[in-house]
Amino acid sequence: MNDTVVSAKGISKTFGKGGVTALQDIELEVGRGEFISLIGPSGCGKSTLLRVIGDLVEPTTGEILVNGKTAHRARLDRDYGIVFQAAVLYDWRTVAKNIALPLELLGWSRARRNQRLAEMLELVELEGFEKHYPWQLSGGMQQRVSIARALSFSPALLLMDEPFGALDEMTRERMNAELLRIWAETGSTVIFVTHSIAEAVYLSTRVVVMSARPGRITTVIPIDLEQPRTFETREEPRFFELVTEVREALHAGGADDVVPEAGVLGE
Amino acid sequence: MSTIAQPARPGVERIGRRARTWAPAVVVFGLGLAAWQWLLPALGVERYLLPPLSDVLQAFWENRSELLQGGWITFKEAVGGFALGCSVAFVLALVLARWRPLGSALMPYMIAANAVPIVAFAPITNAWFGTLSPWSKVMIAALLCFFPVLVNTLRGLTSVRPESLELMRSYAAPQRVVFARVRIPNSLPFVFSALKIASVLAMIGAVVGDYFGGSTEALGVQIVSSVSLAQYETAWAAILVASLLGIAFYASVALVERWVLGWHPSIRAGVE
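From first to last, the protein sequence lines stand for chains R and U.
Just so we're aligned, residue 1 is where the first sequence starts under the working numbering, counting upward by one.
Just so we're aligned, residue 1 is where the second sequence starts under the working numbering, counting upward by one.
Bound-form chain R, shown alone (with noise of 0.2 Å):
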């Protein structure tokens, strides 16, 4: 078995009959452990191609292989832990049983399971917590609880829809630092959408900046900040560089009608 862990060839979406080109020509390959956030404008398809990816969102033309499978296949054998914008939490079910959700299906032993949830628990810091209903957790604790659901199973590949987008910026900080945490500790892959160049600089391995209209990848920019990153990574000039030539990527493939800060960015 290779490293790649995502390889997309040629990829495009059109929603509906001659409609809206969300996605055209999209090549990407993502190796084993690397974190790939995709950034770029609104409607410029990059929560399309994660869906595509993740088998949530038919292509029109091209092919995705997830571990060399069809992301088909790939999503049959749960092979992707998927978080969202909001937290996704079934209101129904403790902070433990949204967790142990996917090992339910799974059909895990509840021995198996609850041991599981224990070291899940600690890696999200949420011991204590599994007997709440999500209604009683902050945004910040709701969306660990499913990062810890998605991460529950060890799936081959983390996918993030702006997982942290509803989070105030210093919440958001935080969960930046503990995803890291996790991302090393499990050594797991990631794609992540984000609407944030800091926040994309910061965490990634990988950054594909993407533009509108159609939605294409213009620029592909490694990130060579030392591992791992602490609070410092984001005051130093290597920081500083990465996150403008980001920007500058953005504008070039047209996006100046949007990320006008190196901040949060609201819509």
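Derived from the structure by calculation, the hints contain no laboratory data.
You may find that some hints are simply not true.
Derived, one-sided and incomplete: chain R residues facing chain U with beta-carbon distance under 7 Å [stated by the list, open to error]:
| id | residue |
| --- | --- |
| 1 | 80 |
| 2 | 84 |
| 3 | 103 |
| 4 | 105 |
| 5 | 133 |
Cβ-Cβ distance ranges computed for the label pairs, FRET-style [said to hold, decoys possible]:
| id | chain 1 | residue 1 | chain 2 | residue 2 | range |
| --- | --- | --- | --- | --- | --- |
| 6 | U | 13 | R | 118 | 31 to 41 Å |
| 7 | R | 154 | U | 25 | 54 to 64 Å |
| 8 | U | 112 | R | 17 | 29 to 39 Å |
| 9 | U | 91 | R | 119 | 35 to 45 Å |
On a predicted model such as this, the values are computed, not experimentally measured, just so you know.
Ideal Cβ placement from N, Cα and C applies to all residues, glycine included.
Following the hints, complete the assembly by docking chain U onto the known chain R.
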């Protein structure tokens, strides 16, 4: 990183707080009863319009065995209709939610049928099932329960946020699992709202069904015959029994709701 802190409140204080919350309603209840007993006769309201409370209570006491027995008969009709109508509606909602084209084909007719005044069928169901048979009343109650439960359940089963379904799709969950783990739990708040409405409608259906004839012991039949004999106190006593049974029915459904939906925000808001 704190969660909701639940301050340990002494039980006495909680009871006091609750009493303060309920006090206005209790006062209004007392005033209403007092006005019924003393104000209406003072205003010259005739006995056949509304007899004083004490006379109604006396009539209840004198006829308690017939009234309670009749109440039980009518209550059984209501519960039977409720069980039948609600369960058929729930199962049909599952079928329509599972096979959406079928749902789109049938729903317009279901909604149109919902606008039909169903009690108008009461004399007809008597013809179908026999005037003396409890089944004619059960059918009216069932029909009344059917539509609100169908429409609300279907809405609950289908108003699932798309990401919840995408998540299940990413787990390669079959439809059976999607229903059991997501759609049905998601529908429960809607279902219970409908069941509470249905409990009231079932009682109405059973009593109105009685009006068009039934076993002479049934509560609705007693109301009609008391009025025709100018025994207004007895008729009001029977109405009182029907009301209390209706409230008890509604309250039992609400109690089950509270137990089943402990996780739901509306319940937690009611608790604290």
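To see whether the hints hold, each was checked on the structure:
Of the supplied interface hints, the one on residue 80 of chain R holds, with its beta-carbon coming within about 5 Å of a beta-carbon of chain U, less than 7 Å. With 7 Å as the threshold, the beta carbon of residue 84 of chain R comes within range of chain U, its nearest partner Cβ sitting at about 5 Å, so the hint holds. With a cut of 7 Å, the hint placing residue 103 of chain R at the interface with chain U is violated, because the nearest CB-to-CB distance is about 10 Å. Taking 7 Å as the C-beta contact cut-off toward chain U, the hint placing residue 105 of chain R at the interface holds, the least distance being around 5 Å.
Evaluation of the residue 133 of chain R hint against chain U yields a held restraint, the C-beta minimum of about 5 Å falling below 7 Å. About 38 Å separates the C-beta atoms of residue 13 of chain U and residue 118 of chain R, a value consistent with the hinted range of 31 to 41 Å. For the pair residue 154 of chain R and residue 25 of chain U, the supplied restraint of 54 to 64 Å holds, since their beta-carbon distance comes to about 56 Å. At roughly 33 Å, the beta-carbon separation of residue 112 of chain U and residue 17 of chain R lies within the given 29 to 39 Å, and the hint holds.
The given range of 35 to 45 Å is respected by residue 91 of chain U and residue 119 of chain R, whose C-beta atoms sit roughly 41 Å from each other.
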